[in-house]
Every structure is written in C-alpha cells, then in structure tokens.
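Visitor: With the hints as extra help, turn the sequences into a complete structure.
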Amino acid sequence: MNPWPIILADLRNLRWIAWAVPLVVAVAIAIGIAVSAQDQALRTASARAADDFDLLVGAPGSQTQLVLTSVYLQAEAVGLIDGGLLNRLNDDPRVAAAAPIAFGDVVHGYPVVGTTPAFVTRWGRLKPADGRSFTEENEAVVGANVALALGATVTPSHGMAHNGALGEEGAEEHAHQHEHAQYHIVGRLPRLNSPWDWAILVPIESVWEIHGLGNGHAVDEAPLGSRFDAPSIPGVPAIVIKPKSVAAAYELRSEYRKGGTMALFPAEVLVSIYRTLGDVKQAMVIVSGFNNALVLVATVSLLLTMVGLRQKRYAVLRALGAPRAYVLLAVWLGSTGLLALGCLLGLGLSLAVSWGAGALIEARTGLHLPIALGWSELAFVGVLLAGGGLLSLIPALFVYRRPVGPSLR
Amino acid sequence: MPLSAAANAHLSSPALIRIENLNVQIAENGGQSILDIPAMTIGEGECLGIAGPSGAGKTTLLHVLAGLSPCQGTIRWGSRDLSALSERNRDRWRRDNVGFIFQDFALVPELSVLSNILLPISFDHWRIPAQHRAEAAALASAMALPELSRRAQWLSRGEQQRVAVARALLRQPKLILADEPTASLDKDSGLAVIELLLTGARQTGATLIAVSHDRRFLDRLDRVVHFDQGRIVDSRGDLS
Numbered sequence: 001m002n003p004w005p006i007i008l009a010d011l012r013n014l015r016w017i018a019w020a021v022p023l024v025v026a027v028a029i030a031i032g033i034a035v036s037a038q039d040q041a042l043r044t045a046s047a048r049a050a051d052d053f054d055l056l057v058g059a060p061g062s063q064t065q066l067v068l069t070s071v072y073l074q075a076e077a078v079g080l081i082d083g084g085l086l087n088r089l090n091d092d093p094r095v096a097a098a099a100p101i102a103f104g105d106v107v108h109g110y111p112v113v114g115t116t117p118a119f120v121t122r123w124g125r126l127k128p129a130d131g132r133s134f135t136e137e138n139e140a141v142v143g144a145n146v147a148l149a150l151g152a153t154v155t156p157s158h159g160m161a162h163n164g165a166l167g168e169e170g171a172e173e174h175a176h177q178h179e180h181a182q183y184h185i186v187g188r189l190p191r192l193n194s195p196w197d198w199a200i201l202v203p204i205e206s207v208w209e210i211h212g213l214g215n216g217h218a219v220d221e222a223p224l225g226s227r228f229d230a231p232s233i234p235g236v237p238a239i240v241i242k243p244k245s246v247a248a249a250y251e252l253r254s255e256y257r258k259g260g261t262m263a264l265f266p267a268e269v270l271v272s273i274y275r276t277l278g279d280v281k282q283a284m285v286i287v288s289g290f291n292n293a294l295v296l297v298a299t300v301s302l303l304l305t306m307v308g309l310r311q312k313r314y315a316v317l318r319a320l321g322a323p324r325a326y327v328l329l330a331v332w333l334g335s336t337g338l339l340a341l342g343c344l345l346g347l348g349l350s351l352a353v354s355w356g357a358g359a360l361i362e363a364r365t366g367l368h369l370p371i372a373l374g375w376s377e378l379a380f381v382g383v384l385l386a387g388g389g390l391l392s393l394i395p396a397l398f399v400y401r402r403p404v405g406p407s408l409r
Numbered sequence: 410m411p412l413s414a415a416a417n418a419h420l421s422s423p424a425l426i427r428i429e430n431l432n433v434q435i436a437e438n439g440g441q442s443i444l445d446i447p448a449m450t451i452g453e454g455e456c457l458g459i460a461g462p463s464g465a466g467k468t469t470l471l472h473v474l475a476g477l478s479p480c481q482g483t484i485r486w487g488s489r490d491l492s493a494l495s496e497r498n499r500d501r502w503r504r505d506n507v508g509f510i511f512q513d514f515a516l517v518p519e520l521s522v523l524s525n526i527l528l529p530i531s532f533d534h535w536r537i538p539a540q541h542r543a544e545a546a547a548l549a550s551a552m553a554l555p556e557l558s559r560r561a562q563w564l565s566r567g568e569q570q571r572v573a574v575a576r577a578l579l580r581q582p583k584l585i586l587a588d589e590p591t592a593s594l595d596k597d598s599g600l601a602v603i604e605l606l607l608t609g610a611r612q613t614g615a616t617l618i619a620v621s622h623d624r625r626f627l628d629r630l631d632r633v634v635h636f637d638q639g640r641i642v643d644s645r646g647d648l649s
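Sequence order for the protein chains is A and B. Residue numbers are given in the working numbering: position 202 of the first sequence equals residue 202, and the series is strictly consecutive. Quick note, the working numbering runs 409 ahead of the 1-based positions in the second sequence.
Please note that the accuracy of each hint is not assured.
[As the list claims (entries may be wrong)] SDA-like mimics (lysine to any residue), calculated; alpha carbons at most 20 Å apart, straight line:
hint, chain 1, residue 1, chain 2, residue 2
1, A, 312, B, 592
2, A, 312, B, 479
3, B, 596, B, 607
4, A, 312, B, 513
5, A, 242, A, 390
6, B, 583, B, 605
7, A, 312, B, 539
8, A, 242, A, 52
9, A, 312, B, 519
10, A, 281, A, 379
11, A, 242, A, 379
12, A, 127, A, 178
13, B, 583, B, 533
14, A, 312, B, 596
15, A, 312, B, 593
16, A, 244, A, 122
17, A, 258, A, 235
18, A, 312, B, 496
19, A, 281, A, 381
Hints were generated in silico from the structure; no laboratory data involved.
Guide: Put into structure tokens, the structure is as follows:
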C-alpha cells in the first residue's frame, strides 16, 4: 500500500497549518536546544580560555572581578599589588613561571595588555602565527582578531571606555592619547578563541614607562621580562603563576591569600559561575520542557481536530476498499511527518540561534563559543519525536476505530 | 405474492447477492429497526434501482451491502456469507469486488484527475503498475475528462462525477454501488453519468445497484425496488 497520495492531499488541505505546525514545533525545540548548547559552549570556551591561568594573584577584592579582568580582559579598575612580588615569585622554587598582567590602555578599542615575552608565548606553548614576539619596549604583538597590520605603528590611549567601533579610534580615545608613546606591531599570535585574540600585548616595562613609573629595571637596556631590579618596582593589577606541582599550587594559593594579596584558581571561580549558570539553565530547561510538552499537546489536539473534520474522507477511502491500516498510516505518517519536520527545523533553528547568540557574546567578550549539537541535544529531539509519534497515534487510532457507515453520511 | 418473493421473482440470471432476514437497528433510537428485509436476491449483471422517500433506508442498504455498517441476518455473495467475514477480509472483498459512487462525488479535491482514478490501486501497490495507468487514462478519455494532471477541485460537478465513475469502474468490479449519482448534477451532466454507468456496468457484466430519485435513471434499470421506513413496499421488473 502507498498512503502518500492521501498524506500529500491532507497536507495540501491543511494549507498554512501545514507550515505553522512545524514552525511552532521548531521554535519550541530551538529554545530548549539553544539553552543547552549555549550553556555547554560557554562552559567549554570559558574553561579553555583559562587554561594558561593556573593561579592568579591580585589585590584583595572580588575574586570574580579579578578573573573577569585578567583572564577575560573585561575592563574594570582593580587594585594594584606590589610589583616586587614578581621577583619573590620568580625566586620561589615552587613556581615554574610568573608573569605580570597590566591593563588600562587601549588602541582603537583593543585592550593593551602589558606582560613579559615569556607569557606572550604562554611559556613556550605558542609561537606567533606571523612575525615575532616583542624584544624592544616599543614593540607589540597583536591577537589573531586585531585588525592592525604587522609593521603598523599605533599610539595607545589612557582609559577603559571605548565609544567607537572596535578597530576604530573614538573621539574620547583620541583625546586621551599618550603623547610620544608608540608601538610597532611586530607579530601576530595564533587564534586562541579567547578574549586575548582581540588584545594587543606589549612589554610590561612599556606600560610602566608610559605612565611615568620607570621600566622596573635599574638600567634602561635591561632585557624585557628579566629580573626587575629598580629601587622601586611599580605595582601590577595581577600576576599569573604557573606552579611546579598541584601541591605547590595549593601552598601558593594559601600563602598569598594573606598579607595584602588575594590568590585564587580561576577554575574555582568558574565553578561558582557555572553553578549559578547551571541553576539558571535548570530553570530554563524545566520551562522549556513544559513549553515543548504544551506545544506537542496543542499540535496533536489541532491535528485531531483536523482529522475529525476530514473523517468523511477517510470513510470514503474505506468504502473504496482501503484497509484500516492504510488510513491509520496516512494519518499517523502525516502527523508524525509534520512533527519530524518541526524537529529538523528546530535543530537547524537552534544552531542558528546559538551561532547568533555566540557571535553576540564573542563581540561583547571576545570569547569564541564552540557551538555544536551533542548527543544529548539529539537525544532530546529523539525523545520529543518519539513522544510526538506516540501522541500522533491518537488521531490515527481515532480514524482507525471509527465506524465507516455513520462517517459517510 | 409477498413483496419479498416479488423482490426475487424477476431473476433470470444466477444470483450474485442473497439477503436473508436482514435487520439494521440504531442504538440511538432505542434499537428501532431502520432496515428490515426478510429476503432479497440480486442477480449477476442486474441493474437494480432502489427508490423511496428520505429515511427509507436506501443508503443504509448500500452501506450494509458493502459491509460498511453492522447488521443482523445474512448477506451471501455467491456461496460466501459476507457478514461472517473479518473486517480485514471484508476490506479485501470490497477492494476486489465493489465500486462505490457517491452523491457528492467524494473525490480527493487536492489530487489530480489521474490520482483520484488510481487511488484504489494505491491500497494494494506502492508503485502504480503501468497497466493500471494506461487503463485509467483510457477510462478518462472515454469519459471525456479534461487533462489528467488537473486537480479535481477545479473540475465542474459533472466532470467530478465522471471521475468518480471512472474510479469505480477501474478495477472492473463485480458490484457497483451508486448512491444518488445524478442528484447533484444538472440535466445534461446527469444524463451523461447515467449513460456512462449503464454502459460501464453492461460492458463489464457488473451488477449495478443505484439509489436514485431520478426517473430518467430508474426507467432505464432492469428492476426498481421501492423502500419505505426500512421495508420493501414495491418491486417490479423492467419499467421501460
């Protein structure tokens, strides 16, 4: 038997409803999946961005703010800690490496981050994708997404706020330019899929010097990032530490939580953020679940009504000799087909929504979200489709069991 | 002579259908009988008219004969007792032996002329055999139907009923049941459908049972049985 002619006719008979049902189902599904996919992507991206930040030391205050500012480069004023700490940490046998992170200046809206050449290459893990790392105080290395060419010369401006579009110099930025300070761009980092892709990395010595604090060294010609031996070492907003072992990490974290500093693992802050995100996600998943159930029930009710209006058609088919299984299949496949189309559209729409939301988040935070549909999302759609398929049996069985004679009249 | 005996007296051909003690009751009306036929025989190749006022049980008789409504009593198809068949076997029997024509045509308006004619074939086949396609096209041509790809909803009423007749005749059924086939048509279209039905039935040797109020139609049938309140009140032979 081939019920497709009747399925096709029924769909034509439904007219706009045949489009509306899959669209409504698609929107309901897309909301559920987008929430889940976005949450997963946000966790993956934020955890990956914090990979090179084992331990952070900053001024006492908000742990979350220190992580957001140092790891995700979300510009906020934070307190400074004694720059001399850098030497103490580099001398500490439990520390494999330590680097300052200093921010506050911008170039065309891109944050300028002062650090050491060692941290630019993430202690040897990275190589510039183009050019080289900085070796002079007036040199800079840009992130993968910074729209500045190698060889360009730029002037940094003081201030956190940036009113123009990224890549353009705003009026306020221009008004706060550091006179006589320039950076020559000598290298570009590979893509890290983190906010650092939008940053301009410069020697910490330059940041201090531009702000009239000296360069942290006893002599001007000292190699960049070498031991800071000036009589007075300027302060820094944060120091990132690579401990030699897990035990060392915990000891350092404990030790630098007193005496005017705050030490933390970015991961512990992320876990706390994830917990809050998880609560929000849980609430949204519950709401979305109810939403999906309601949409399914409403859809099946609508299909049941439509089948009720067409019962004479099915009775005629029986009178012409159609087996009961034929009309059951025609109604069930038609209804399930609409739901399946809605599920497929929902998957596509959820990807589109997730990519759109991901692009917005990336534009705002620099964090690249790896949006992908996992097995859990596909299983979610599979369960919905199976539930919809079962519910679609209701109108099909309604037709299957209905006596033919009365329906023909 | 009792009327039930008169309903059988005409037969000159072998019996195709024998009805014995047929009774149809409706539960909603306190179990009142709406059709009560002690005995009736319909011959092979006979063209039988069923007439009577509204509510006389004419359409119910067609539904019962097609196995679409439950009933008490016996309906024999040759040597087979149709009322003893399972639902599945009754569907199969109907598919193989019965062509149905309705007053309101009962086409699927969203399908083409050809798809409507071939619809009963899709009950058995996933892909319509070429032979059936050719037969459907020949029937459509014989019935002067417009292009085969045209949707049924765009046809005139007369054309729609001709499609319905073609659909009923396609499988060359042994029994054609027609419920008021000319009632919704103008005079010319009605005459054309009468001609097509009678020609189709006689060419294939099918038995035609037609419920009708149309004298032009009834006058051309072999026999007309009149019903009133579910009972046979008159039966006579060729009225011509």
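Visitor: Please flag the earlier hints that this structure goes against, numbers listed from lowest up.
Guide: 5, 7, 11, 12, 14
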